[in-house]
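Residue numbers (my numbering), protein chains in the order written: chain A, 1 to 273; chain B, 1 to 273.
Please note: incorrect hints may appear among the correct ones.
No distinction is drawn between identical chains; accordingly, a pair holds when it is met within one copy or between any pair of copies.
Claimed, not checked - In silico BS3-like pairs for lysine-lysine, Cα to Cα no more than 27 angstroms straight-line:
no. : residue 1 : residue 2
1   : Lys267    : Lys113
2   : Lys81     : Lys8
3   : Lys113    : Lys91
4   : Lys177    : Lys88
5   : Lys177    : Lys8
Bear in mind the hints are in silico, worked out from the structure with no lab data behind them.
2 protein chains.
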Amino acid sequence: MLNLEELKHFIAFAEYGTLSKAAEQLHISQPTLTRSMQNIEMAFDVPIFERSKNRIWLNDTGKLALEQARRLLDTADDSIKIVRAYHKSLKTIRIESCAPAPLWTLIPVLSDKNPSMSITSELVDMEKIIKDTICGDTELGIITKEIKEEGIRINKYCEEHLSICLPPDHPIVQTGKKEVTFEDINGYNCLLRSEIGFWAELCYEKMPASRFLIQKDNFSFEELVRSTTLPYFTTNLVRYAQEPMKAAVALPIIDTEANVTYYLIAKQTSHYF
Amino acid sequence: MLNLEELKHFIAFAEYGTLSKAAEQLHISQPTLTRSMQNIEMAFDVPIFERSKNRIWLNDTGKLALEQARRLLDTADDSIKIVRAYHKSLKTIRIESCAPAPLWTLIPVLSDKNPSMSITSELVDMEKIIKDTICGDTELGIITKEIKEEGIRINKYCEEHLSICLPPDHPIVQTGKKEVTFEDINGYNCLLRSEIGFWAELCYEKMPASRFLIQKDNFSFEELVRSTTLPYFTTNLVRYAQEPMKAAVALPIIDTEANVTYYLIAKQTSHYF
DNA sequence: TATTATTACGTTAGGCGTAAAGATT
DNA sequence: AATCTTTACGCCTAACGTAATAATA
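Build the full structure now, drawing on both the sequences and the hints.
Shown next, in the form of structure tokens:
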């Protein structure tokens, strides 16, 4: 019967050309390799080596055996990887959300309740979230509308309300308004964080006359927020690492699209909520 | 590192449900199986079993591991079969002939000259023989025409001359003819051996008015030859196990198609002739 | 002479089976 | 009580490394 360890020796021999070099590389003795080669030849039960008194090399059959050895070790590696990946997937709670804010509270709660599980999250559009939740490609979904679907449970999770932050001397603030619409602020260029899910699409759609300065990392964003007078967005769920420009005035945006309710969805059989 | 022997144990356990039963089937002790399962679990490095104090069973990951174990053992088996088959093919002289007679002398000579080789032969139509010889699917070919082909050597091997055997009181014999044409004998039903290569096609073509009583095995054929008065064919190369009906008269068939020369063909690099 | 494969040989680690323990049905 | 898994333990095989051998380039 073939032995995977010996097959590794076999491959090493084929790579390094002599038993001596292979033995050195494998940190084992030469006689051990001699025996491995003999055992492999016995397992295949056909001659795979040519030998002279102090030289050994592969014959044509041996070259084929080498291919097979490589294939076999590869599939062995694959097998282990597949099993480990599956195990990991069983130990992972996947979350797909249409916006980041709900994750800020959800992930800590989940990891607290399920200390043995690891958690992965991804920002995804709502159609895909629903589809993936139904087909089991994600354990949890977070969306902004109520749905009714066979085998899917749904729960209200939280609300998020968008505001725009403006410097005190901004024309809109000067008017004394306490709340605004997208229409009011359309045309003003704004700072915008990336990785904000559906909010980005919404801004593009509702403020076609504005340009947005996208900041990829949080740090740059917060730095800019403190050092410029550009408008930027915040919500009731946002907590900044450091307080933003104190003087800024946050005006709620009253469009319905700027005030969303998040819903958790999962398979009926799920026990994560 | 996975061990194929232990994977067999693993599969046996999965098949028989308990370590005890598997141990019994494998003719090893139960503790050995316990250890095998532990080693496999260590090799995969993820939990694949559920255990109670006196019960052990596969979890979901284990079921996947089982699939992988089966796959791995299958490919190991395959590998060995592939290597052995290749070795065997290196030790085999393949012959494709358009007729059986040349093989009767060729095979003994070849196996005498190449005692370590085994020989396989097959009756095949000439087009395929030529094609297979060129592409290396056969080591030797036997055909009835001279060909010129790059990289192919060709040698005259022997001749075969067809005769028809008739009972003494047969009308054709009564005419005193010493030789015949296919036309002369067309219409008479004849005994015909199967496995005679191109001869069969020739008979059908040249004697469309005759019907042929095909005999699959040699013994039946020779029995019939001795006990009936039906015409049958013979050639200069045919040697019957027992003498046929003594009184039968063999009349040579003079058509050119009934008198063939066999040629051996092989790759130029071949050393079999 | 240096390199290399193989054989010989002594030691040791590890694998197997028996026996025992612990637990379940 | 019977069945089953796991642990403990002792034996013994077999695998490994060292050293020696033999041959080649």
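Status of each hint after checking the structure:
1. Lys267 <-> Lys113: within (18 angstroms within a copy, 75 angstroms between copies)
2. Lys81 <-> Lys8: Both, since 18 angstroms and 20 angstroms are each at most 27 angstroms.
3. Lys113 <-> Lys91: Close inside one copy (13 angstroms), not across copies (67 angstroms); limit 27 angstroms.
4. Lys177 <-> Lys88: For Lys177 and Lys88, the Cα distance exceeds 27 angstroms both inside one copy (53 angstroms) and across copies (92 angstroms).
5. Lys177 <-> Lys8: neither (75 angstroms within a copy, 78 angstroms between copies)
Comparing the model with each numbered hint stated earlier shows that hints 4, 5 do not hold.
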